[in-house]
Structure formats: C-alpha cells, structure tokens
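K.L.:
As you go down the protein sequences, you meet chains A and B in turn.
According to the working numbering, the first sequence is numbered sequentially starting from 704.
According to the working numbering, the second sequence is numbered sequentially starting from 12.
To be clear, the hints were calculated from the coordinates, so they are not data collected in a lab.
One or more of the hints may lead you astray.
[Unchecked claim] Derived pair list, reagent style DMTMM-like, types lysine to aspartate or glutamate, alpha-carbon separation capped at 25 Å:
#, chain 1, residue 1, chain 2, residue 2
1, A, Lys918, A, Glu876
2, B, Lys249, A, Asp926
3, A, Lys722, A, Glu942
4, A, Lys889, B, Asp238
5, B, Lys20, A, Glu939
[Said to hold, decoys possible] Derived CB-CB ranges, DEER-like:
#, chain 1, residue 1, chain 2, residue 2, range
6, B, Lys20, A, Ser943, 49 to 57 Å
7, A, Thr952, B, Ile258, 44 to 52 Å
8, A, Thr799, B, Asn185, 36 to 44 Å
9, A, Ala736, B, Lys236, 49 to 57 Å
10, A, Ile822, B, Lys183, 26 to 34 Å
11, B, Pro32, A, Lys894, 20 to 28 Å
12, B, Lys20, A, Asp784, 19 to 27 Å
13, B, Glu176, A, Glu942, 57 to 65 Å
14, B, Lys20, A, Ser786, 20 to 28 Å
15, A, Thr952, B, Asp261, 26 to 34 Å
16, B, Met218, A, Asn720, 30 to 38 Å
17, A, Glu820, B, Ile258, 51 to 59 Å
[Stated by the list, open to error] Not everything, but these chain A residues come out facing chain B in the computed CB check (under 10 Å):
#, residue
18, Thr732
19, Thr909
20, Tyr941
Backbone N, C-alpha and C fix where the C-beta goes; we use that ideal spot for every residue, glycine too.
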Amino acid sequence: MNSIFVNSKNVFLDIVNAKDYIQLDQVSTIYQALKDSIKKPLKMILLYGKPGTGKSMFLNKLYKDLSSTQKVYLYQTPILDESEFYKTLAQDLFETKYSGELNFTQFMKIVESKKTEDIPVVLLDEAQLYSEVLMEKIRLLSDTRTVKFVITLHKTEKEDIIAKEHFQTRIWETIELENASSIELKIYIQKKLMKANCFDSANMFTNKAVNKIHKITNGNYRDTNKLLYTLFELYESYESSNHHRAIRTNNISNKIIEMSAIHTGLIDA
Amino acid sequence: MLNITDLEKRWIRYKVKFYIPHLSIFISLSVILSIFFSFSNNTQEPNDIPHVVKEEPLLVASKESKIKVTPVPISKQETRVIHSTKKVKLSPSLDFMKKMQNSIQPYYNNEVSNKPYTVQKVQKVEAPKIEVVEKEKVLIPEYIPPVKVKKISIKRQNTQNDIYEIITRFKKNNNPALSLFVAKKYYELGDYQQAYNYALITNKINMEIESSWIIFTKSLVKLGKRDKAISTLKKYIKQSHSSGARILLDEIYAGRFK
Ligand SMILES: Nc1ncnc2c1ncn2[C@@H]1O[C@H](COP(=O)(O)OP(=O)(O)O)[C@@H](O)[C@H]1O
Ligand SMILES: [Mg+2]
Numbered sequence: 704m705n706s707i708f709v710n711s712k713n714v715f716l717d718i719v720n721a722k723d724y725i726q727l728d729q730v731s732t733i734y735q736a737l738k739d740s741i742k743k744p745l746k747m748i749l750l751y752g753k754p755g756t757g758k759s760m761f762l763n764k765l766y767k768d769l770s771s772t773q774k775v776y777l778y779q780t781p782i783l784d785e786s787e788f789y790k791t792l793a794q795d796l797f798e799t800k801y802s803g804e805l806n807f808t809q810f811m812k813i814v815e816s817k818k819t820e821d822i823p824v825v826l827l828d829e830a831q832l833y834s835e836v837l838m839e840k841i842r843l844l845s846d847t848r849t850v851k852f853v854i855t856l857h858k859t860e861k862e863d864i865i866a867k868e869h870f871q872t873r874i875w876e877t878i879e880l881e882n883a884s885s886i887e888l889k890i891y892i893q894k895k896l897m898k899a900n901c902f903d904s905a906n907m908f909t910n911k912a913v914n915k916i917h918k919i920t921n922g923n924y925r926d927t928n929k930l931l932y933t934l935f936e937l938y939e940s941y942e943s944s945n946h947h948r949a950i951r952t953n954n955i956s957n958k959i960i961e962m963s964a965i966h967t968g969l970i971d972a
Numbered sequence: 012m013l014n015i016t017d018l019e020k021r022w023i024r025y026k027v028k029f030y031i032p033h034l035s036i037f038i039s040l041s042v043i044l045s046i047f048f049s050f051s052n053n054t055q056e057p058n059d060i061p062h063v064v065k066e067e068p069l070l071v072a073s074k075e076s077k078i079k080v081t082p083v084p085i086s087k088q089e090t091r092v093i094h095s096t097k098k099v100k101l102s103p104s105l106d107f108m109k110k111m112q113n114s115i116q117p118y119y120n121n122e123v124s125n126k127p128y129t130v131q132k133v134q135k136v137e138a139p140k141i142e143v144v145e146k147e148k149v150l151i152p153e154y155i156p157p158v159k160v161k162k163i164s165i166k167r168q169n170t171q172n173d174i175y176e177i178i179t180r181f182k183k184n185n186n187p188a189l190s191l192f193v194a195k196k197y198y199e200l201g202d203y204q205q206a207y208n209y210a211l212i213t214n215k216i217n218m219e220i221e222s223s224w225i226i227f228t229k230s231l232v233k234l235g236k237r238d239k240a241i242s243t244l245k246k247y248i249k250q251s252h253s254s255g256a257r258i259l260l261d262e263i264y265a266g267r268f269k
C-alpha cells in the first residue's frame, strides 16, 4: 500500500527527460508545426513561454526524435563565453579541435570549409542568458544556411520580448508555449501517473480535484509537479503516522490539495 | 515525512482567515434580521431582547472595520480628480491634452461626471492648509499632484509612442509577432477598432496564431458584433481545435465575456 504513494510521488519529481514526454493536444500541433519548420531553410525557431510551461521538455523530445534521422545537438545550459561557444560548436558539429581563442571570423571559415548537405540542427535551451552580441552572431550564422538553430527563451515582461531587437527579422519563427487548460492538466496528470502504472492514483483525480489544482497552479506544469509531489508525500505521511485518520483515497479532498499548496508556498497562510 | 499536525494547524488558520469575511457578514446580517423581527414582535418576550442588544454593537463594529478598508482607494481617486479639475482651471494648455486623450480613455468621462464632489473638496482643502498638514500627513500628497497629473499623461504618450514605434518596425519587416503585439496593446487601451485591424493583419500574415484569433474575436464582441465573433471562432476551432478559442466561445455563449 505504502509504495503506491511513493511511486506516485516520484512521478512528479521535476525532471526533464524525453522518455517521460507526454503527448498533449495543444503541444502536439505545435510540435508538428515545429518539425515542419525545421525542414524549411533559413528559418530560425524561437520557442518561448513562462517558466514551467514545458520548453525544456519539448526541446529534449525534439532532440530525441530528430537524432535518429539527422545531425542534431542539444545544449541545455548556455555556453556564455563567445570563444568557448564557437570552440564547442566547431568540435561537436565539424569535428575540429581548436586549442587557442576562436573568434567569429575564424569560426565562419571552419563552417564554410565543412559545409555539407545534411544541415546540422543546434538546440539551445535557456537562451535568454546569451548576450545580445552572441545572439546576433547566431543569427548571422543561421543566415549562411549552414547551421539551423532552435532556441528557447523565458518570456519576461509580457510580450515585450518578441518585440525585442533580435526577433524582428522575418527569419524567426516564434512559437509560444502556454500553461495548460484544466482539461489538458487532467490529461497531463493522469497520463503521467498511468505511465508509471499508478492506475489507482490516476483515478483519484476527478474533475473537481483537477479544477481545484488548476486554480492554484494556473496550469503551470512545474507548479503542478511541485504541488502533486507534496500531495502524495502527505498521503504517505498520513498513512504511516500512528493516528492515521480515515483518509479517503477514492478521490482527493480540497483539504489535502490546500495543505499541499500551503506547504509548497503556492498559497500563503 | 511531513509534519501533518503542523500543516493541519496552518490549514485551519488559512480556512478561518478565508471564512472570516463571509462569517462576519452572515452574522451581522442575522443580527440585523433578528433585531428587526424582535422589534416587530415587540415587548412580548423581554428575556430575549437584552441578549441581542448586547451582541449587536460588537458585531456592527467589526463589520465597520471591514468596510473601512475599501473606502481608501475611493478617496484617493477623488483627490486625483481634484487636481485634474484644478489643472483645467489654472492652465489653458490642458484643453489640448484633454482633446488628445478623449479618444483614448473612457474613464475621463467619469471624472467629468464626478465634478460636483470635487469642487467642494477643493475648497475644503485650500482653506485649512497649514493646520491640517500638521495634524494629518495623509493630506500632504494633495498638494503635489499637479506634477503627478503631468506624469500620468506622459506615461500614456509613452505607450502610444511604443505602439507607433512598433508599427514602424512592423511596416519594415511584416513580422506577425509585432502586429500581434500592437493588437494586444490597443486592446488593453480599449481601442477595439485598432485591435481588430491589427489582429486581422496578423491573421492574414499567419493564420495559425491562436492568441491573434482570440484578440480578433474579443475585439469583435467589444465592437458589438457578437454573432460575427461566434461564427469566426467556430470556423477557427474547426480547423485548429484550439482549446483557448473553445473556452472563449463558451464564455461568450454564457455571457461571461461581453
Ligand atoms: N509534455 C510534457 N510531458 C511530460 N512532462 C512535462 C511536459 N511538459 C512539461 N513537463 C514537466 O513540467 C516540468 C517543467 O517543464 P520544463 O520543460 O522544465 O519547463 P520550462 O523549460 O518551460 O521552464 C518538467 O519537470 C516536466 O517534467
Ligand atoms: Mg527550462
């Protein structure tokens, strides 16, 4: 009995791994659009959205899917030093080792000399951390049609970010990831649990419970993960405590949801 | 392992905090009602009346303290209004501004209708100037605002300028993200005709942007074309299966979005 809650709890650890990817309606149309646009020459793709909307997950899934058919490289943490960035790309993409400093002009020479039919795709996560200068170089690089970039970016102040200087040019294709609706959130939670064979736990999430969760997390995947991790931890604690009161396990009470939200700081009390 | 007892305590505190407003309204209502009935039945049962009277002042007081919280912003609004009327009197140049802003902001009209209240206040404030300032600091801001009013109008111009800047950028590169941005800004400013125009432009460039369709139909509703909004949304939902559009459609049907 105990292990059900532990297993369910671990489903909601905040880990990005393509094998845990869940096909969601809204996301899958975007995903298809994205795969199509990868085939188009020149276009660079900008994936943006609030933290916790699944950008990194999306990028990882894309990486996993593309890697069987083409050259694709994923950088999950940004390489902030310019020279270091070129050196890493030169080595990974063109198998060219470089010991000293490498500047943009030198790097472009390597790129030109190694041009192939199969255009490599470079996926950059957390691109809001790159400097404007480096972003401009990335754009120039993609203009040469020798490397294709897909980048993700936290949406900062409302939509202002897309009005920002680098994203004006037409070569950017922008795709926004959004928080889940209540319906999508239910699918997300249940699929996630069922993938881990936690069928009983999946059945606990009635529409009422999911609506309550949605109200608290706004459908943000990361916040939902945090909340549900705590929720199952609570069930686990109730079960193993000596004075375990009757806790209903056929559906989830608002009380348990609210207690989890208080513990994770999603509600202040 | 989580500390259940502690969490439960915090939860109860949270619940109590949450229900206090409801409870106090409910109790004070029931007290008022019971007083009402006891008066109408009157004098027959002298035992019960003293009890009720004892409770009454306590509860009424608590109710008052709840209500007191809200009037503060209202009085602030009133003070702002004062300055705008003051300004009109002092500097003729503001007439220009008014003309310019008339087209943008619906709530300027409200201010005009509020005039009768404000004139009284202006007089009150002018007279006891020094005494009041010493007693209550709250009144001090009332003398600063001439500057404040200017600031506000500058801000407005800024968002307008922002929009114009983005429109010029958009004209250069035709990026739908920019036109969508403009549509959203116009929508926020309440200029639904322009919001409609720019969302339409955005849709023409790229007909797959959900939020552009949503701004487009929302503007239609605001422009009084509810039926057209509904038919557009339906068409869009058919080909995109957009959940956002479906939610909006439901809201329009239910009259929650007007
Ligand atoms: N499609 C999905 N399938 C499974 N899990 C997801 C999906 N989208 C988001 N998540 C979960 O939500 C969490 C936050 O997503 P993440 O990609 O890190 O967001 P972001 O990069 O936008 O901040 C991740 O831990 C991940 O497990
Ligand atoms: Mg991320």
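K.L.:
With reference to the structure, classify each hint as holding or not holding.
P.N.:
Against the structure, the hints:
Straight-line distance between C-alpha atoms of Lys918/A and Glu876/A comes to about 32 Å, which puts the hinted pair past the 25 Å bound. About 31 Å separates the Cα atoms of Lys249/B and Asp926/A, which puts this hinted pair outside 25 Å; it is violated. For the suggested pair Lys722/A and Glu942/A, the alpha carbons sit about 31 Å apart, so the restraint of at most 25 Å is broken. Distance check on the hinted pair: Lys889/A and Asp238/B sit about 32 Å apart at the alpha-carbon level, beyond 25 Å; violated.
Under the criterion of a C-alpha separation no larger than 25 Å, the hint pairing Lys20/B with Glu939/A is consistent with the structure, at around 18 Å. Between Lys20/B and Ser943/A the Cβ separation comes to about 20 Å, which falls outside the hinted range of 49 to 57 Å. For the pair Thr952/A and Ile258/B, the supplied restraint of 44 to 52 Å is violated, since their beta-carbon distance comes to about 31 Å. Take Thr799/A and Asn185/B: their Cβ atoms lie about 38 Å apart, and the range 36 to 44 Å holds.
Judged by the Cβ atoms, the range 49 to 57 Å given for Ala736/A and Lys236/B is violated: they are separated by roughly 30 Å. A C-beta distance of roughly 28 Å is found between Ile822/A and Lys183/B, which places it inside the suggested range of 26 to 34 Å. Separation of Pro32/B from Lys894/A is about 39 Å and departs from the stated range, judged on CB atoms against 20 to 28 Å. Distance hint for Lys20/B and Asp784/A: a CB-CB separation of about 51 Å, inconsistent with the stated range 19 to 27 Å.
Glu176/B and Glu942/A have their C-beta atoms about 60 Å apart, which keeps the hinted 57 to 65 Å range intact. Taking the beta carbon of each, Lys20/B and Ser786/A are about 56 Å apart, not inside 20 to 28 Å as hinted. Take Thr952/A and Asp261/B: their Cβ atoms lie about 33 Å apart, and the range 26 to 34 Å holds. Checking the proposed 30 to 38 Å range against Met218/B and Asn720/A shows it holds: the Cβ atoms sit about 35 Å from each other.
Here the CB-CB span from Glu820/A to Ile258/B is close to 45 Å, at odds with the stated 51 to 59 Å. Here the hint on Thr732/A is kept, as its CB sits about 7 Å from the closest CB of chain B, short of 10 Å. Interface restraint check: Thr909/A against chain B, minimum CB-CB distance 20 Å, threshold 10 Å, status violated. Because the closest C-beta pair between Tyr941/A and chain B is about 6 Å apart, less than 10 Å, the hint holds.
Checked against the numbered hints above, the structure violates hints 1, 2, 3, 4, 6, 7, 9, 11, 12, 14, 17, 19; every other hint is satisfied.
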